[in-house]
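Enquirer: The lines below spell out each chain.
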Amino acid sequence: MGNYTIVQARALSEAVFEMWIHAPQVARHAKAGQFCIIHADGAGERVPLTISATKGDDIRIAFMAVGTTTKLLATLKTGDELRDVAGPLGMPSDIAEGSETVIIVGGGVGVACTPILAQAAKDAGNYVIGIIGARNRDLLIFEDDMRAICDELYVTTDDGSYGIKGFASGPLKDLCESGRKIDKVWIIGPGMMMKVTSEVTRPFGIKTYVSLNPVMVDGTGMCGSCRVTVGGEMKFACVDGPEFDAHEVDWNDLMTRQRMYLSEEKQSMEYREEHHECRCRKVE
Amino acid sequence: MDRDADLRVTDFKEVDLGLSREEAVAEAKRCIQCKKPKCISGCPVGIDIPAFIRAIADEKFQDAVDIIKKDNMLPAVCGRVCPQETQCQGVCVLGIKDTPIAIGQLERFVADIERKKGAKCPKCAPATGKKIAVVGSGPAGLACAAELARRGHSVTIFESLHEAGGVLMYGIPAFRMPKDIVQYEINQVKKLGVEIKTNHIVGRSVSVQELLSYSAVFLGTGAGLPYFMGIQGENLPGVYSANEFLTRVNLMGANKFPENDTPVKVGKKVVVVGGGNVAMDAARVARRMGAEVTLMYRRGEADMPARLDEVRHAKEEGVFFMTATNPIAILGENNAVSGVKAVKMELGTPGDDGRCSFYPVEGSEFAVEADVVIEAIGQGPNPLLLRMLPELTRNRNGSVAVNCLGETSIEKVYAGGDVATGAATVILAMGTAKEAAVAIDKKLRT
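So the sequence lines, in the order shown, correspond to chains A and B.
Just so you know, we're using our numbering here: the first sequence kicks off at 1 and counts up by one.
Just so you know, we're using our numbering here: the second sequence kicks off at 1 and counts up by one.
Incorrect hints may have been included.
Stated by the list, open to error - Stretch-level coverage of chain A by chain B, calculated; a stretch enters the list once three of its residues show a Cβ under 8 Å from a Cβ in chain B:
| no. | segment |
| --- | --- |
| 1 | 81-95 |
| 2 | 256-264 |
What the hints assert, rightly or not - Only pairs whose alpha carbons sit at most 27 Å apart, straight line, appear in this in silico DSSO-like list of lysine-lysine:
| no. | chain 1 | residue 1 | chain 2 | residue 2 |
| --- | --- | --- | --- | --- |
| 3 | B | Lys-130 | B | Lys-442 |
| 4 | B | Lys-344 | A | Lys-266 |
| 5 | B | Lys-130 | B | Lys-38 |
| 6 | A | Lys-31 | B | Lys-197 |
| 7 | B | Lys-70 | B | Lys-256 |
| 8 | B | Lys-256 | A | Lys-71 |
| 9 | A | Lys-266 | B | Lys-269 |
| 10 | B | Lys-116 | B | Lys-179 |
| 11 | B | Lys-190 | B | Lys-443 |
| 12 | B | Lys-60 | B | Lys-130 |
| 13 | B | Lys-341 | A | Lys-235 |
| 14 | B | Lys-70 | B | Lys-197 |
| 15 | A | Lys-55 | B | Lys-197 |
| 16 | B | Lys-256 | A | Lys-266 |
| 17 | A | Lys-235 | A | Lys-207 |
| 18 | B | Lys-190 | B | Lys-120 |
It is worth saying that the hints were derived from the structure and are not from the lab.
For glycine and all other residues, C-beta sits at the position ideal for the given N, C-alpha and C.
Whenever a hint applies, use it, and build me the whole structure from the sequences.
Expert: See the structure below:
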């Protein structure tokens, strides 16, 4: 099998896709919290995607088809090949060996990052509580994975079509207020969700991590595109993160930079609509 | 030799067309073949310059390339990007009264001839069976790998990006260093038996343990970490490090967006900060993408570290130079850059290094309009691998400490190029890398 062959590609919902990719040098070294850079073809962007799971020499990624690259990835089938996959990149999650109680919160496509993290925390001997949420039942992903790993799992949907009605912050708040000992919380999801949800743990002084997803190019500390402000200092998410102390993150800075290329993204998608036939990426 | 500025600023094709055969031979015949040539010692890799020039004068072009390639496997690259005026040509005795020999042009001329007809592969020494890991495929990594391969060692280069070449690919624009030429010369290195593994990030996809299982390791990871000025407004959308701006265009092809997916913002007015080659490259790329470009530099033009040719080319192409000017804030409106606030600098007398001291003039603050700001104020060593090797002794500026053999504080680990010297030139990187290769070879044979 060639490097970077898509071993399995499937839709998890209308807009969310899962892909297993043969990438031995990534899979063999990947740890929870790390990401890889996907470069689909010569004309493509380098995009960072969190490694959602590993199995032997394969890695799993999951993504929502919203931009040029993710829409392109969504069209790929089992057996297709990606031009480049580089990783694992970033610092692994700060998981302690022992008997900590940790809560792992995933929102939307961010839930994709939770199984590998939950598994690592579990393997280290921690008591793992999962909270996963989505807008509705159709968009909920990896519930089975999380149910199999977590000691407790709470599921929320914004519209109440499944599980607890409301945001993932609801069960998190209940747990914080319950008086149970909680050592660490991870929150992974869209910027606004992480910003709002991490406010829940602040009054309780619980160490809370978020996984930031700014725009990247190389992913190895070379360009500074992914610079974020944490604790008043400039950090590069690719080499210093992607996980940071949620209560120190300058969210406005992050979200402003994330929106930097909105008009270009639109232009690019319109161009691709017209030229989609030109990009053949079958293995030669 | 140069294409017309008005024309070249509309495309990314090479600016300098090089010498014709007649010009090259005539230039070579000007060389007086000094008995004690200074040019050789002016060359960081020690090319036998008078010998290859004599071969050109005799119209034995292949001989000329063969002489160069004994010491340098990337002649088409070096002929184009070396700062010859401060090296070989800077010490040429003809330069005292007249113009020094155009050594860089001659090097490039014969390299281009050979490439067009297809280069033969230099011979390697018998295999030693020793395996050596080289980290980074930029000028330092390539020079070290080529030297070791020719001495019979088995070399694997680990490259974190998806293309080999390092700064030659992501940093130096195509109009100065055509990418097909870079790839051609890299292929020549591969023909020596060097294996290049792209998408391999040492410390991440290749463990330190695996790295140290090689007989010797050479770190040529460059100065890839961009510095920022630390002024207000730097995180506004529209502010780039030169590394990012150039990588988007040179490596990812953002100048052809949306045909290529990677975008880059240029806008109508660009301010580039810095006075080195990287600043000139960024400014000239921005010009080619249609922007009005102002280059701000805190000292005087004579203090600029850029090659003279780059400064001249940038000016010819309409880059506006604002020297003795230092940015103090980047101004923003509606989450986008709107301008740069700067202060005029008073230049003092030149110090021991020949460069002027400088200090801000009180009350001289002013603002210029800008849509995009590109900071080209220098780079440090990439921290990714160095964090994985905490026992590596570092210099005060963060670069890896090495002795004259390129040895680091870790046994069998060598370093060369920008990661050891701090941000410098392609040829200096190649020179230090070659010295390390010679030291590695010697060590492995004892």
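Enquirer: If a hint holds in the structure, say so; if it does not, say that too.
Expert: Hint check:
1. 81-95: Holds: 7 residues of the segment 81-95 of chain A have a Cβ under 8 Å from chain B.
2. 256-264: holds (count 6)
3. B:Lys-130 x B:Lys-442: holds (12 Å)
4. B:Lys-344 x A:Lys-266: violated (41 Å)
5. B:Lys-130 x B:Lys-38: Answer violated: B:Lys-130 to B:Lys-38 is near 36 Å, above 27 Å.
6. A:Lys-31 x B:Lys-197: holds (22 Å)
7. B:Lys-70 x B:Lys-256: Judged against 27 Å, a Cα distance of about 39 Å means the pair is violated.
8. B:Lys-256 x A:Lys-71: Given that 27 Å is the threshold and the Cα spacing comes to 20 Å, the pair holds.
9. A:Lys-266 x B:Lys-269: holds (23 Å)
10. B:Lys-116 x B:Lys-179: Judged against 27 Å, a Cα distance of about 15 Å means the pair holds.
11. B:Lys-190 x B:Lys-443: holds (24 Å)
12. B:Lys-60 x B:Lys-130: violated (36 Å)
13. B:Lys-341 x A:Lys-235: Satisfied, since the Cα-Cα distance of roughly 24 Å is no more than 27 Å.
14. B:Lys-70 x B:Lys-197: Holds, at roughly 25 Å.
15. A:Lys-55 x B:Lys-197: Holds, at about 23 Å.
16. B:Lys-256 x A:Lys-266: With a Cα-Cα distance of about 16 Å, the restraint between B:Lys-256 and A:Lys-266 holds, given a limit of 27 Å.
17. A:Lys-235 x A:Lys-207: holds (19 Å)
18. B:Lys-190 x B:Lys-120: holds (13 Å)
In this structure, the earlier hints numbered 4, 5, 7 and 12 are contradicted, and the remaining ones agree with it.
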